[in-house]
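Starting from the given sequences, assemble the full structure and let the hints guide the process.
Its first residue numbered 1, the sequence shown is counted upward by one per residue in the working numbering.
Quick caveat, the hints were computed from the structure, so don't treat them as lab data. Just so you know, even glycine gets a beta-carbon here, dropped at the ideal spot from N, CA and C. Treat the hints with care, as some may be off.
[Said to hold, decoys possible] Derived DEER-like restraints, expressed as beta-carbon distance ranges: (1) E325 with D207: 28 to 38 Å; (2) P209 with D150: 28 to 38 Å; (3) R35 with A187: 34 to 44 Å; (4) S188 with A333: 43 to 53 Å.
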Amino acid sequence: MNCNCVGRTAALLAAALLCAVGATAAPLPPAHAQRVDDAIGRCFELRDRAPGDAITLARATLASPGLTSDDEIKLLACLARAEALSGRTEDVVATVDRIEALLLAEPRPAEFTLRALSNAGAALHVVGDVSRALELYRRAFEAAQAGEADLAQVKMLINVASIQSEHLDAYDLAERTYAQAQQIADASGVVEPLLPYNHATNLLRLDRPDQARLQFEAALASSRASPDTVLTRRIQTELVALGRADDASARLQTLADAQRDDDPSGAAITLVRMADLALADGRPDAARVHAAAAVALAATGIFARERRDALRMRVRALHASGDLETAFTALDALHAEERDAARRLQLGALAELQARLEDGRSAAELAHLRETQRIDVINARHARTLRAVGATALGVLVLLALALAFYQRRSVGDCDASARPTA
Numbered sequence: 001m002n003c004n005c006v007g008r009t010a011a012l013l014a015a016a017l018l019c020a021v022g023a024t025a026a027p028l029p030p031a032h033a034q035r036v037d038d039a040i041g042r043c044f045e046l047r048d049r050a051p052g053d054a055i056t057l058a059r060a061t062l063a064s065p066g067l068t069s070d071d072e073i074k075l076l077a078c079l080a081r082a083e084a085l086s087g088r089t090e091d092v093v094a095t096v097d098r099i100e101a102l103l104l105a106e107p108r109p110a111e112f113t114l115r116a117l118s119n120a121g122a123a124l125h126v127v128g129d130v131s132r133a134l135e136l137y138r139r140a141f142e143a144a145q146a147g148e149a150d151l152a153q154v155k156m157l158i159n160v161a162s163i164q165s166e167h168l169d170a171y172d173l174a175e176r177t178y179a180q181a182q183q184i185a186d187a188s189g190v191v192e193p194l195l196p197y198n199h200a201t202n203l204l205r206l207d208r209p210d211q212a213r214l215q216f217e218a219a220l221a222s223s224r225a226s227p228d229t230v231l232t233r234r235i236q237t238e239l240v241a242l243g244r245a246d247d248a249s250a251r252l253q254t255l256a257d258a259q260r261d262d263d264p265s266g267a268a269i270t271l272v273r274m275a276d277l278a279l280a281d282g283r284p285d286a287a288r289v290h291a292a293a294a295v296a297l298a299a300t301g302i303f304a305r306e307r308r309d310a311l312r313m314r315v316r317a318l319h320a321s322g323d324l325e326t327a328f329t330a331l332d333a334l335h336a337e338e339r340d341a342a343r344r345l346q347l348g349a350l351a352e353l354q355a356r357l358e359d360g361r362s363a364a365e366l367a368h369l370r371e372t373q374r375i376d377v378i379n380a381r382h383a384r385t386l387r388a389v390g391a392t393a394l395g396v397l398v399l400l401a402l403a404l405a406f407y408q409r410r411s412v413g414d415c416d417a418s419a420r421p422t423a
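Below is the structure:
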């Protein structure tokens with residue numbers, strides 16, 4: 001998905017361009033090379049709309065003899081994303097391990113490395129390994145410094161904003177990061193449906209439904225080239241839920257049924273929206289059923305944000321139906337999930353990332369970044385421990401986003417300077 005339909009969501013990333021920037025390798029017989037190229041292209045076509053089929057195709061092609069290491073990395077990038085969307089956490093970790101090993105084996109062009117790392121990081125992000133995802137995003141940023149890759153920078157900022165919103169509840173900060181990504185996209189002509197989709201999701205968390213609707217509509221318009229994708233179904237879910245038409249519940253049920261196999265976390269989101277509609281219609285018992293189903297679906301993989309949202313909806317439904325004892329039990333489960341999410345952030349790794357991002361920055365830039373870090377961005381509903389952990393992790397993401405902006409400004413300045421006529 002970041003590449004985050006996802007993530008998760010966002011986190012849905014720049015995989016397709018990976019196909020176009022491979023490193024030099026020994027040539028294959030033309031017919032075999034063409035078959036491999038076709039399989040890679042087909043895998044990326046299937047990856048978001050039919051992850052199970054993409055997994056089957058990628059594994060079959062990886063088993064064929066004579067693959068170049070570049071082609072293997074492209075197939076693994078496709079495979080990791082498809083496995084993540086299917087909730088196959090252990091498989092994702094093994095696939096990303098293989099991608100990293102191949103990248104370390106020999107030097108490759110910066111843009112190829114950037115896209116491979118971005119895809120690997122996005123897959124980890126989807127299944128909840130945020131710390132390792134951030135490390136791969138950091139390395140992707142370093143690769144971006146060696147080339148001009150506007151689309152990759154936009155996707156990187158989407159990833160960062162997604163973590164800010166999904167894992168830290170830093171919605172206002174995520175808004176600034178999305179604005180930064182939109183500015184780069186507008187200036188370079190980049191069209192990326194994930195940008196308005198993830199932005200809209202953040203606007204919903206800020207309780208700005210009218211603005212969110214506009215962004216969802218923009219995302220739908222830019223995704224029409226592939227109308228049957230995971231992302232398109234998620235956009236449709238949000239627009240149906242926001243429209244609240246008389247047939248909204250039935251339409252959402254149809255979408256949830258279509259999502260269950262290939263996009264269980266998306267189905268969980270749809271069920272949460274159905275529960276919300278049921279509560280608004282005064283049907284708390286129906287809301288309880290939908291919320292419980294959402295919790296069960298989100299448990300099929302490490303879909304941390306979706307699971308916590310489903311648990312919150314279950315607490316609301318139980319409270320509305322008068323079952324206070326069970327509601328308190330569900331609330332305890334939610335707090336446990338939030339504590340576990342905080343522990344998974346692994347602050348040691350994030351502190352190391354912060355130190356690396358600070359290295360080489362000017363004193364003025366550092367002063368600005370440190371001032372930004374003092375912003376209070378953790379929502380008051382979290383326990384004190386979660387707020388403390390989130391604030392530290394947030395500082396890292398502030399630095400990463402601003403470092404990308406710093407690099408973008410420097411790149412534009414270099415381009416302007418090189419374009420000036422000489423005497």
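Consistency of the hints with the structure:
Checked against the hint of 28 to 38 Å, the C-beta distance between E325 and D207 comes to roughly 29 Å, which is consistent with it. The hinted window of 28 to 38 Å between P209 and D150 holds, with their beta carbons roughly 31 Å apart. As the Cβ distance of R35 to A187 is approximately 39 Å, the hint placing it in 34 to 44 Å holds. For the pair S188 and A333, the beta carbons lie near 45 Å from each other, so the given range of 43 to 53 Å is met.
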